[in-house]
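Colleague: Just so you know, the sequences run in chain order S and C. Anchor point for the first sequence: position 433 equals 433 in this note's numbering, and the numbering is continuous, going up by one each time. Basically this note's numbering = 1-based index in the second sequence + 434.
You can trust all of the hints, since none of them are fake.
Restraint-style ranges between C-beta atoms, simulated for each label pair:
#	chain 1	residue 1	chain 2	residue 2	range
1	C	V516	S	A414	18 to 24 Å
2	S	K337	C	P675	40 to 46 Å
3	S	V150	C	S771	53 to 59 Å
4	C	V719	S	R367	28 to 34 Å
5	S	T229	C	D731	56 to 62 Å
Sample of chain C residues at the chain S side, in silico, Cβ under 10 Å:
#	residue
6	R506
7	V516
8	T520
9	E566
10	R606
11	A672
What the hints contain is simulated information worked out from the structure, not anything from laboratory work. Ideal Cβ positions, reconstructed from N, Cα and C, are used throughout, including at glycine.
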Amino acid sequence: MKTFQKNIKLYLGIATMAVFAASCKPEISREFAPATQNVDFSKYIAVGNSLTAGFADGGLYLEGQQVAFPNLIAEKMKTHGGGEFATPFFSEAQSNGSGYIRLKALENGRPVTESVTDKLAYTAAGVLAKYTGEINNFGIPGMRLDHSGVGLVSAGNMYFSRLLPDGEVGRKSYQEFVGNRDHTFFSFWLGNNDVLGYATNGAVNDSPTGTTVLTAVNTFRAVYTQFITQLTAKGQKGVVATIPDVTAIPFFTTVTRRALLDAASAAAGTTINDLYIATKTGPRAATDNDMFVLPFSSLASTLLGKPNAGMIPYGFHPLNPIEDKYVLDIQEASAIKTHITDLNNVIKDIANQKNLAVADANSLLTRLKTGMIFNGIGVSSAFISGNAFSLDGIHLTPMGNAIMANLVIDSINAKYGTKLEKVDISNYRGVKMP
Amino acid sequence: MRKLLFALLLASPTLTFAQGSQVNTQGIRALGMSGAGSALFVDETSIFYNPGALVKSANNAISVGASAVMYRSAFQEINSNVQHNTKFQISPPFSIFASFGPKNSWWKAGIGVYTPFGGAVDWGTEWPGRFELNHLALRAIYIQPTLSFKLTENFGIGGGFVYNIGTVDLSRSIPVFDQNGNPGRAELSGMGTGMGFNIGAHYHLEDEFAISLSYRSHVRTKLEDGDAEFTVPAAVAASFPSTKFSAELPLPSSFNIGISLPLNEKLDLAGDATFIGYSIYKKLVFDYEDNTPVLADTEQTKKYENALSGKVGLNYTANDKLALRTGIGYVYTPVRSQYVYAETPDNNRIMGSVGFTYTLSDKFDLSGAYTFQRIMERTTTNVETRMSGTYKTNIHAPGISLTYKW
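Using the sequences and the hints, build the whole thing.
Modeller: And the structure:
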């Protein structure tokens, strides 16, 4: 027994060591770090439109700004010599910025949205409180490439005029605004609105301020070259992103002919077999390949079947077709798709000439159309349930921004041999539900 | 109007089972030699290791053992330097073996209650794989009445009937988000039963060489009426009803060959090789009682391969009261790279052990063992969840058992 008592101390000792050892976590040896770095991230600026600004749910608000993909990237640049990344954030007191829409309820699976109207940043109708601090995120919702050299544009864009002293509003162009910032690295994602403005209006150019024009390829090439030349004047490196196929976003893919017919038939109490749409070549019956814009879903119940002066019901007859602006018909969609390909070729061309990284957002969005899986999360371009697109059907959710950030990070790493770490997508939400 | 606009993605949670994470701690004596010793140890734990050896044990005995399996995994997502660890927790496998029968007779009976499969892993709700798994606790308890017969003085055979009670409890995040941006959660728990058998033959030459052959059948454990509970925003609660589920979990068969031989008066060498029939685990089918467009029955591919393990150990009789032992082992994983899930971040593993038995009196023995296992680092991309990263796992398992002989 004595030996045992002597030994039991030893065994207790072993057991104590065991517990100590167990508390030591396994260490994974793999390290993700660059061997050498030939790119300077100390002052990164982000040039772009609403997608760069973090616009979501039909508005620009603080939560969206904080997870804008350039902000997520800037955070990862900190391990690679990246500096502070200033964003024209709305203050906490005005955190809802321009206001936005949120999901109020799902009634029988039907999304009902409402506007958020508290904590807004308006000082007058259409005027947002000024921001005067440092800026690294230059994303301006609504900014078009073809407008980027036009001084007048800032007067008509509250997100832009918010960042300018009063004396410069309506005078300073976006290119001038972004210039002379002593940046060392940039991301550049403009061009979407040069197509999207036209497409979301059903391929109808009717805006007096030029926001629904489809920018011609030659114009696009000239302005793109000019802007990129300015941004690379001191040999700066950067990344540009391509224009997504607009027909891959829920704004166009959610409201289908079938859904409209079902709803119209139910409302009329009789089966309606055809919807008639106005096209550039005259009215015709809609097919499943024609796309209706997302806002038409809330207009349809009042518009469809409403008789005109000649008592012809709206949408049900070629003599009173659904207006062209609500429909991106198959011919229009296909023409736009071709145009986007042409513009993306310009982007890739110029990026090659200037030796810049290219983040192929077009290819990513095309893959999202059929659905992808990230860390066990199903992500697609489906409205609400797809997790990637916010309630406006055009702009990204925080999760969508994280996915975009990883696309850009991958392209930077591939081009410049850096090892910027990926963003953990699972930390970012999809659409909030009540 | 928008009724048809909204369709949630399929988000049915599936149960995942920590099959590969088998840590054999049934016999503390064998544990001290990393699991070798089915030919060497002829005692009540033979009920598990080889029912054919039971009849040769000199006494009747009852032994109670328990170990503290500390399973600690790490994960690092690809292109990231952030390491995530499972929470520290101890899962306590236990075993009770009892043998009965007349001394030096041609037969002996016994019963064993033990936990051959089981584990607990808790990654928490903040890691990159949260939509695959938050936590899992799985336990299979085998109850095995056994009979063992002597055919000749040196040759024994035996067999037992296995009744399995399995319990499982798991949770994972689901990608629907509330007003604060927090994801929903699914919690599944259930209990099931299954049956199988265990047979073996043991042959020895007088105090020299012994050989052990044993076979444990697979056990299909059927879970019925498990509870599935969901925490989701009110707007989608109807799509995620609290419901029941059923599933079937096949636990693998194993075939074991063990040998032992004395190296000198005090030192015995034992070696065991085990062939594990994991290929039975091809898929995991999940049947929810209430299906919704979101909550559909699922079928998850597992495609396990048969696995092999080898263990060798030494048993040193220091004096008439104390035996010391040590052993090492290697286990080939049944889990293919693209089917590695967070619940079983498995890979080939190495292990090393030390142990002792101290004779307290004529009646009582105390045994202790300590084993360390390292599941090798493995970088994988899961075929289903597309999770891509590196896993590594350390397992520490001290154990102790007390035997009463008569």
